[in-house]
Amino acid sequence: MSSERGSPKPRHPVELSLDQCIKCNICTTACPVSAVTDLFPGPKYEAPQGGRFRSSKQNSPDKSVDYCSGCRVCNMVCPTGVDIAEMNARARATMVEQNLVPLRLRLRNNLIARTELVGKLGQPIAPLANAILANRVVRQAVEGVLGIHRQAPLPSFSRQRFTHWFRRRENLPQSDRKVVYFHGCSTEYYEPRIGQAAIYVLEANGFEVIVPEQNCCGLPLLSNGEFDAARSYHAANVRKLVSYARQGIPIVGTSTSCTLTLKEEAPELLDMHDPDTRLVAQSTYDFNEFLLELFHEGSLKIDFKPLPYTLPYHAACQYRAHRIGRPALDVLELIPDLRIVDSHATCCGIAGTYGYKQEKYDISMAVGEDLFEFVRGSQAPFVICDSETCRWQITHATGLPAVHPVELLAFASGLEPEGVITRYLG
Amino acid sequence: MLEQAVNEFKSLSERAGYPLRGSLEDGWIFPTGLGTARYTCLAPETMLAGDLRNPGAMAVVGFEQFLDFYPQLVADNLRSMGVQAEAIMLDLDHLNGRTSVTPKSLAALFEQPEFRERVVRVLMKILDKNRTARIGFPAVLGLNRAVEVVRDLEEMTGLLVFEIPTLPPSIPGIRLHNMLVAEIERHGGRVLDGMDVMSAEYEGDMVRGVWSEAAARPKLNRASSYILATGGILGGGVQMGVDGRMRECVFDLPLAGYSEEGIPFRRSFLGSGGHPVFRAGVNVNGDLQPISPNGERFYRNLYTVGSALAYSDPVHERSVEGVALVTGFAAGARGGVR
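Same order as they appear, the protein sequences are chains A and B. Residue 1 is where the first sequence starts when you use our numbering, and the numbers rise one by one after that. Residue 427 is where the second sequence starts when you use our numbering, and the numbers rise one by one after that.
One chain only, chain B, in its complex shape (with noise of 0.2 angstroms):
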């Protein structure tokens, strides 16, 4: 299951032109916004000349007009760990006189050749070629057409171009987000924004609809099955009472996975062992539908996938994607899709 599925992710990711490359077996490691290293299985092919098991010196590239991303500092963290990284700041005469250079507007810019163009010229009066094989951007280089102009970079730098993650908004993750969007869509679902699920209805061992928050009055939502992806603690689908009670938010599903001891907390927040309130989810059987503490599943069209899932520690295992990915393709291959 684990290798179809990532299997399938990267074809879909293929057939939208935003190929996702690497496999279970040979992952990648990649500089991030602050210069620490950090290893994944699956990404973008315009992240891939960064790999820093590749001995290329780099030349890590910001601007001075756009405050949330510091070439020195990913630069300087770089160096300290063995890889040739020097930072390079352009000041773009063309970014003057805008009052927020944000990643969205600089993505837009950069799917314009003269920008490119105007962004190489200046480059290039100051990069020393001869010491370096490959550039790393903040991943700003394009909304919609991302690899042509990593493409186009490379052809005119004559190097290898790659994208460094930055802080959030992330555009890669609005690449992808739109990716996921336009594939429900050709599936023939739609996709709601703004509608926050509150509760549910149902008829014996059948969801039959879910309440959403709306305008005046609640929003009733009819669907066949449903899947419960509202994650965790930190994405809303866990919360707790004054009470001290945790509770799953929309089903009222007992949770599972955070203590023995029923302690969600403790004192050392990025303790080696990770945190115990992450691990806090929903337990399931084998088809990933919710299950009581007796082994009884709850009901027959709910499956629960992501971090909504007891047992495990995303932020510790580093595991949110993957989790998501392989759950949410298991769920969908037993009922999420008609």
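Bound conformation, chain A alone (with noise of 0.2 angstroms):
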């Protein structure tokens, strides 16, 4: 029990702390999704309980464990340290090995949660698979053939690949403070401007980037139950980031899912302990956790121009789940006259691939509807959020633009950013 300073807690297997369970509730309490459906009975009867009548031989006793969303909120609250949401991710992984999701929806998860195939076959032809996305007689007919529901927030393909972008550069600085840059699905097809930015602020700050090659983190594959697949994504990653990682180079990424994937959701999930991974988790970074490191360090580039204003921020539940605090908080407040309001909004909703699906989209938005009613009260041009899924599906509900928080560090040194800021505040 009695853990060495700064050292990593000695973690229970998941299943394990299914006994340290006092049924107090909390976890129900303050479950966004049973607070708004009963076809989720909430986290203390599904994980705990249920687990207790889970066996890897007899088929799942309780098929609305297909309708956590995986927020972690119920992990957060614990007061005796549950896993929660990891029991209820592997009793839903168990339901698709033992066939219990109808194929049509298994069919429908596997699409929406390998990004990384979607993003290579859409990327290309983005302005037709774009408009083809726009058509709403074409998302009719999605909802009906594969269950995406038709107002769900797909994001639109960007014309040019982040790793496009970033390898036709020219004059890339040198130094000997290097940094691997993880830039995720999103960024890669979706929004390259984070990653644009993010690059500009590491420059910035003396740093030579990598971008090695890397795939799809496997989150939404874990989400979706579908552990096999995510296995053989996770491994790829941690082949492919190793080496950086035993150099002693960290590993940032903006896309805060993908992060906690590396750090924890995959190696804990999957079971995988190796050395190789532990190190991948352990060099891992949520990219303002890294800014913050370096402000600690008092290494970090803070000569930020002003901006007045007046900005809502919401901490996506994948972010609150790397149990790091705010940093995106901590280094916006870095900006003159800048100034930040959180949400406390205990989730949007989306939750990944969630809020796609058509069953569960209705719950998706109902979730999300303290943080929708913030974010239209707030009366500013853009929200700022860590999460892509969360910045889509707050831009679906509001229709106010949302950005990551590396955008606005950009364009206060000195970037003018594609997009929303530059276009309100530039």
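If a hint is listed, it holds; no wrong ones were tucked in.
Each computed EDC-like pair below joins lysine to aspartate or glutamate, with the alpha-carbon atoms no more than 16 angstroms apart:
#, chain 1, residue 1, chain 2, residue 2
1, B, Lys436, B, Glu609
2, B, Lys530, A, Asp38
3, A, Lys305, A, Asp337
4, A, Lys63, A, Asp38
5, A, Lys301, A, Asp330
6, A, Lys23, B, Asp494
Note that these hints are calculated values from the structure, not bench results. Just so you know, these numbers come straight off a predicted model, no measurement behind them.
Build the complex: two chains, separate frames, hints provided.
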């Protein structure tokens, strides 16, 4: 029980934490999903209670576990450290393994969970793909055939892949201070502007940025119970990243769910505890977590230009699940005159791929209502959020554009990033 | 200090729109969710009409669909103490079809005027107004606008309305939590959930940071002052290892208070003298700073509050919130507030 100072706390196996549940119901009280639907009876019923009836040789006792959005709010509030969300994720994976998910839904889940494949197929024909996906009739047909909700916020493919932009740059800065950038699928295929802002900020701080070959982090597959496929993705990422980790080069990402997956979700859910996986996990940082470390070391460039604005901010569930506080707020507070107002909302509802599903879209929108009300009432030109799917959901529900904190930092550092920030503040 | 802490806390609650009433000299006696009597110094306005010293007959209302509150049990036990109390169980169609009715879902419903009207309509058909002076509901009368909800119910029924605490999770507890978090943030603080503090970093007689558990690697949290508020053996601030040694979990401070023989347990868990293990905690000087058995202060910027302190048995004394309030206030005044 005595832990060495600053060393990782030894974690217990997920299923063993079941017996630590004291039935206090705090998780059920905090759960944003069971608050809006009876289809999900609550984390306590599903994970620790249902867990006692789950056996590898038996069918899952309760299919309603599929309505868990995986937001991990239950884990955050549990006073006894029960790995509730992980138990639910594993129960869902068992349902998939036991073929208890209808084939049509499984096909749908596999499509929306393979973000890299979708990006590779759609991005090269971005104008056409975007036009098709914006077509109402097509969306109705897709909903009917595949079960992807017609109104769900599908992002637009970008005209240029982030890595194409990155590799075409010339006179790249060389430095002893090196950092690996993990861009994730969203930056690569949909929002390259975020990667461009990240590169700008890192290089402005004297780093040589390495963008190695990488693939999808596998989180959408984990969230849909497709553990075997997720394992392949994660193992491939570990192979591609571990040599940098061995050299002590930090791996930094702007997609907070990707960095959480590299750090914890994948190793824990998939029981991947080999030294390479552990080293990659320990070398991975959320972007603002990394910048805040630099600030504490005294090496962060903080000559930001003043931004006399009040802007709303939402800390995504996956961001809070890092358990690193609110580094984005800490870093943004370094910009003179900028005032950030935290939403304090539990969840936007999208939870990765959850809100895209026909049967879960309404739940997802109901879950996010508190946040949407906060954003609508902010009177701000845009909202700030670290997670891509949350940004898309917020914009879908409120009509307000959403940006990553790094875009604001880049703007305050002198870059005129493509998109809403330059349009409104430039 | 006691009086100042209580008064400041009352002012804070008043500002937050959820006033707590009472004083050190004049407290309250309220019914619990079991129908027993509970003495308290401060209570939210929404509970005041339930004071058992008042003679008015009460109707204790429950809901068929809400399984964690038993009005009959409350009324039976109150009657055995000479309090006039009748149980009323409401069957609300509106709640049928819901798989689980929780305190939080009821609190959200009570904030809707239409739901309150529905409740009152069903209730007034059963309630004998001539034999009732006040109505006790489970403490689920709204999360953010409880005072307004109680007033509205009083207007609609023409009777006094009050809340009776329920089994956990406690809606009044969540209201209190939200109120305190808002106050901390108003002062520039930030409250972060789900980050278990594991250990600390030091420089001479100063604490320089506390390590908390996080994804992949621990996180170092820095501040100018630190307040140890991790609780005693029930809160997890004090633990016992397999070697039988008890320890304070973050700063590894020596423990005091649990017994002269160093034996933290005794056979009678609910004995009238309390239980020694609950008295285990950190010994402090007059500034609430942890001290060694010789009386030497360990760190200049570390304070200890609440159940983490030695010598009080909050379970036996019923003093958890009182000790927390006063010591929290004192520590804040000494170094917790920038």
